[in-house]
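There are 2 protein chains.
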Amino acid sequence: MTVVGVLGAGQLGRMLALAGYPLGLRFEFFDENAEAPAGHLGGLTVAGWADRAALDAFSGAVDLVTYEFENVPVAAAERLATRVPVFPPPKALDVAQDRLKEKSLFRRLDIGTAPFATVDTRVDLDSAVAEIGLPSVLKTRTQGYDGKGQRVLRRGEDLDPAFAAIGGRPLILEGFVPFERELSIIAARSRTGETAYWPLIENVHRDGILRLSIAPASGADDALADEAAAIAARTLEALDYVGVLAIELFQHEGRLLANEMAPRVHNSGHWTIEGAKTSQFENHLRAILGLPLGATGTTGVSAMVNLIGETPDSAAVLAIDGAHLHLYGKPARPGRKLGHVTLVEPERATLESALARIASILHEPTLSR
Amino acid sequence: MTVVGVLGAGQLGRMLALAGYPLGLRFEFFDENAEAPAGHLGGLTVAGWADRAALDAFSGAVDLVTYEFENVPVAAAERLATRVPVFPPPKALDVAQDRLKEKSLFRRLDIGTAPFATVDTRVDLDSAVAEIGLPSVLKTRTQGYDGKGQRVLRRGEDLDPAFAAIGGRPLILEGFVPFERELSIIAARSRTGETAYWPLIENVHRDGILRLSIAPASGADDALADEAAAIAARTLEALDYVGVLAIELFQHEGRLLANEMAPRVHNSGHWTIEGAKTSQFENHLRAILGLPLGATGTTGVSAMVNLIGETPDSAAVLAIDGAHLHLYGKPARPGRKLGHVTLVEPERATLESALARIASILHEPTLSR
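Note that the protein sequences, when read in sequence, are chains W and P.
In terms of our numbering, the first sequence opens at residue 1 and continues consecutively.
In terms of our numbering, the second sequence opens at residue 370 and continues consecutively.
Incorrect hints may have been included.
Said to hold, decoys possible - A few chain W residues that don't get close to chain P, going by computed Cβ distances all over 12 angstroms:
1. PRO22
2. GLY42
3. ALA47
4. GLY149
5. ILE166
6. PHE176
7. ILE209
8. LYS277
9. ALA295
10. GLY300
11. ASP313
12. ALA316
13. ASP321
14. GLY322
15. HIS326
What the hints assert, rightly or not - Straight line, CA to CA, 27 angstroms or less: simulated DSSO-like cross-link-like pairs of lysine-lysine:
16. LYS148/W / LYS101/W
17. LYS706/P / LYS277/W
18. LYS330/W / LYS148/W
19. LYS277/W / LYS646/P
20. LYS517/P / LYS337/W
21. LYS101/W / LYS91/W
22. LYS646/P / LYS517/P
23. LYS337/W / LYS277/W
24. LYS646/P / LYS706/P
Since the hints were derived computationally from the structure, they do not count as laboratory data.
Here the structure is a predicted model, which means the values were calculated and not measured.
The C-beta atom is built at its ideal place from N, Cα and C for all residues, glycine as well.
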């Protein structure tokens, strides 16, 4: 029986395991946190990413390694790769962890991005602002996620406090794109080179955290879907990528700009569990095992709503016809992703009314922007 | 977090856990076999059913108990029920374990069955044959499943060897029904009394083991579906049942006869994982937790093919568009259920061609009767 080693044991690892047991796989997780929620679904090695002995022991217990956490140190992935296959390739991890490398890759592949410039010093910041203009966004090159490590610069007087807050580390200044909406494309590439693409997804963020995904994105014509797939295809190819890759996109004046990539299954793809013929989790596993990829067509129009900070009463959610509840088994904490609810409906109109019921359970006037 | 105790840790327990983690549940299994395949998906107590200390410790580690194995001794379920809620009620287990009690319940509820008579002695067998006629089937009252403990009697000379083979235990003689086809109905009843019914399922057995299920059963009109649901409804009510119940039926001259019931999730309901809006596994858990039951409508026409004795190459199965592979993580052994494949198609015609591809992978001319 093939044993898949997963770096990180959060909810993504948990959903990978739920998709992988039916394929006859077993799972071993590696995480710094003994309470990580995938721990109930497989073995769990609790150790730090720099613990070479633990990494070596882990590599001896698994047939191949993947990751569900994109901040795994590249050195850890590379060490494992000397002993067992590691997918996606550590190179993808390296690029995805650094906004400058990521945006530079997109630029090299002729994929549109917001304008950007490197900022290492306070002086660099002035030059970058002169080049890119305001408003713009100052971000740490590494370790940022869910809106952390970012400052919006609107006027000259914002520069000093922003640099004081996040400077001293390598930074990047990105032009502020007044995008119409945020989209994402999720793609898979197998060890055999086979590729698959789910339909374009529309995403709504709130306070920097994904709140709602709708798939297929409304009003996305074939040309837009093809443009997104081409962006993903070029990126997969350039990285000799294996596994599921997510690319966050901005739609602006009819064009797609790549914002960032995640070299793993992605929150905006959770709807695929019920809303697509094959989920992102199953296809990630098929891809890294070199198995044929499953069909990525939809079973209807889907909406995925994140449960953030607190979880509603399960009975209230499950009373909604067709609502699929996914709890991650994590203790509640403000701003924490604790679960999600997926709705799949044959048509957009019925999806809207089901979404309104979810909004009411979550005590929110609306889930849209 | 609610911890569900499951008696038995086979593939049914495994699929219960896969359905239950997204509901935020945890699982503890109890099985005599340390290699039981659900063991990777939760805690596993390895002990005999008569081990009272182990049962007591188990009850202390869980919030409620259910079972996935219908031959759990009733005494074990009753002992647990003095400490924690046990669903379905042990009474249902008691009835389902004894073909005489089972058929007597059906008769009391005005549900048609094959004619039957009790056989404890060789003399009883003569009287029973005189009453019911030949051909008929001599069966052990308890412990029979997948065609074990049964002898078909066609002529008078079959009686002695049949009694010699399985006599000495309480037996039942059942009239042989020249049924047109085998069907099953799967129903759920919640702690709140809410009920739900999946569409009628058509089943094909081979060598006493389920080979293929198709749902909805072809040509099943509303009247037949209503008759099956009424049979299930009366049984659920009579047993004050909580959980998923399966009833195997014979269709004979336009009528339905109840053959036997399983007080648990059932092999003929595995298609519901992808083929229904809510699976039998999820609704079993919702029922025993008193949560609202999920919708039981179909997502298409489904076929479930059991993988018996050996498993085909995963890549060959997964290359079939829309094929869902479910392996149980059990070592191969002749006659053993090792997994299943589910196909869901919008129409029967495309389902037939997908089934033909599965048959070819399994090196069988056809999967039908």
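Exercise for the section: Against chain P, does LYS277/W hold up as non-interface, every C-beta pair farther apart than 12 angstroms? Expected result: Check fails; 6 angstroms does not lie beyond 12 angstroms.
Problem - Hint consistency between LYS706/P and LYS277/W [alpha-carbon to alpha-carbon, up to 27 angstroms] - result: holds, 25 angstroms
Practice task
Mind verifying the non-interface call on ASP321/W? Its CB should be farther than 12 angstroms from each CB in chain P.
Solution key: violated, 5 angstroms
Practice task
Determine whether the non-interface label on GLY42/W survives the test: each CB of chain P must be over 12 angstroms from its CB.
Solution key: violated, 7 angstroms
Practice task
Decide, holds or violated, for the assertion that all CB atoms of chain P are farther than 12 angstroms from the CB of GLY149/W.
Solution key: holds, 31 angstroms
Exercise for the section: Decide if the proposed pair is consistent with the structure: LYS517/P and LYS337/W, CA atoms, cutoff 27 angstroms inclusive. Expected result: Measuring from Cα to Cα gives roughly 50 angstroms; hence the hint is violated.
Practice task
Test the statement that ILE209/W is away from the interface with chain P: the closest C-beta pair must be farther apart than 12 angstroms.
Solution key: Fine: 20 angstroms to the nearest Cβ keeps ILE209/W off the interface.
Handout entry: 27 angstroms limit on alpha-carbon distance, applied to hinted pair LYS337/W and LYS277/W
Key = Measuring from Cα to Cα gives roughly 25 angstroms; hence the hint holds.
Exercise for the section: Determine whether the non-interface label on PHE176/W survives the test: each CB of chain P must be over 12 angstroms from its CB. Expected result: holds, 38 angstroms
Practice task
Would you check whether the claim that ALA295/W is not at the interface survives, using Cβ distances to chain P and the 12 angstroms cut-off?
Solution key: Given a closest Cβ separation of 5 angstroms, the condition is violated.
Exercise for the section: Quickly compare the C-alpha distance for LYS330/W and LYS148/W to 27 angstroms and report which way the hint goes. Expected result: holds, 21 angstroms
Exercise for the section: Check the non-interface label on HIS326/W: least C-beta distance to chain P beyond 12 angstroms or not. Expected result: violated, 4 angstroms
Going down the numbered hints, you'll see the structure goes against 1, 2, 8, 9, 10, 11, 12, 13, 14, 15, 20 and 22, while the others check out.
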